[in-house]
Structures are given as C-alpha cells and as structure tokens.
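Taking the hints into account, I'd like the entire structure generated from these sequences.
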Amino acid sequence: MRRTKIVCTLGPAVDSREKVRGLIEAGMNVARVNCSHGDWESKRRWIAWIREDSPEVGPVAVLADLQGPKFRIGSLAEERKELATGGWVRVG
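Residues 1 to 92 (my numbering) make up the sequence shown, in order.
The hints are simulated quantities; they were obtained by calculation from the structure and are not laboratory data. Check the hints yourself; a few may be wrong.
[As the list claims (entries may be wrong)] Computed cross-link-like contacts, DSS-like style, restricted to lysine-lysine with a CA-CA straight-line distance of at most 25 Å:
hint, residue 1, residue 2
1, Lys-70, Lys-43
2, Lys-43, Lys-19
3, Lys-43, Lys-5
4, Lys-19, Lys-5
5, Lys-70, Lys-81
[Stated by the list, open to error] Label pairs and their computed distance ranges (CB to CB):
hint, residue 1, residue 2, range
6, Glu-79, Gly-27, 46 to 52 Å
7, Glu-18, Asp-65, 21 to 27 Å
8, Arg-3, Arg-32, 17 to 23 Å
9, Pro-55, Ser-75, 50 to 56 Å
Glycine included, each C-beta is placed from N, C-alpha and C at the ideal position.
If you want it as structure tokens, here you go:
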C-alpha cells in the first residue's frame, strides 16, 4: 500500500471532466483548489466532478488552499530610517 499522497493543483490546464478524471485514474489522492485565483464556478465544477467520479476509482480529498495574510503598503516616505537588529517597527 502506498503511503505517499499525490496532490494535484487544479486550474485552467485541467478544466475538463476528462482531464480531472484522468488525474483521478492516474492516482491523484488530493485535489488542491487555489482559492486565490480563478472564479468560484470553476471550483464548484471541479469539486462536483471529483465527487461524482471518485467513488468509482478511489477516494480523493479536496484541499481548499486559502490565501494567508498579505502586507500591503502605500508609498514610502522619502526620509530613510535606519533599523537596528532586534528593534521594533510599527506598521499601520
């Protein structure tokens, strides 16, 4: 029995039922859906295909990859600040 899992990221390159089915048949254990890109309709479609086809071939988990926190800053002041190792910087 294989203990290693095969995780495949779904995206535009596999946006057909046949291609998703091919991944399942090739041994995909986890379908990663990147929630930071694309539209929700595509994600719903991929998950539906997996749910419909995996019982015939084998279990496939769906991993919803959610975007973590991002720091966004505006323009920086012209004045430069020297930062010391171990010092504190307040952003916000």
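Checked hints:
1. Lys-70 <-> Lys-43: Status holds; Cα separation ~23 Å.
2. Lys-43 <-> Lys-19: 14 Å, holds
3. Lys-43 <-> Lys-5: 21 Å, holds
4. Lys-19 <-> Lys-5: 19 Å, holds
5. Lys-70 <-> Lys-81: With a Cα-Cα distance of about 23 Å, the restraint between Lys-70 and Lys-81 holds, given a limit of 25 Å.
6. Glu-79 <-> Gly-27: 46 to 52 Å: 57 Å, violated
7. Glu-18 <-> Asp-65: 21 to 27 Å: Holds, since Glu-18 and Asp-65 (Cβ atoms, about 24 Å apart) stay within the stated range.
8. Arg-3 <-> Arg-32: 17 to 23 Å: 19 Å, holds
9. Pro-55 <-> Ser-75: 50 to 56 Å: 54 Å, holds
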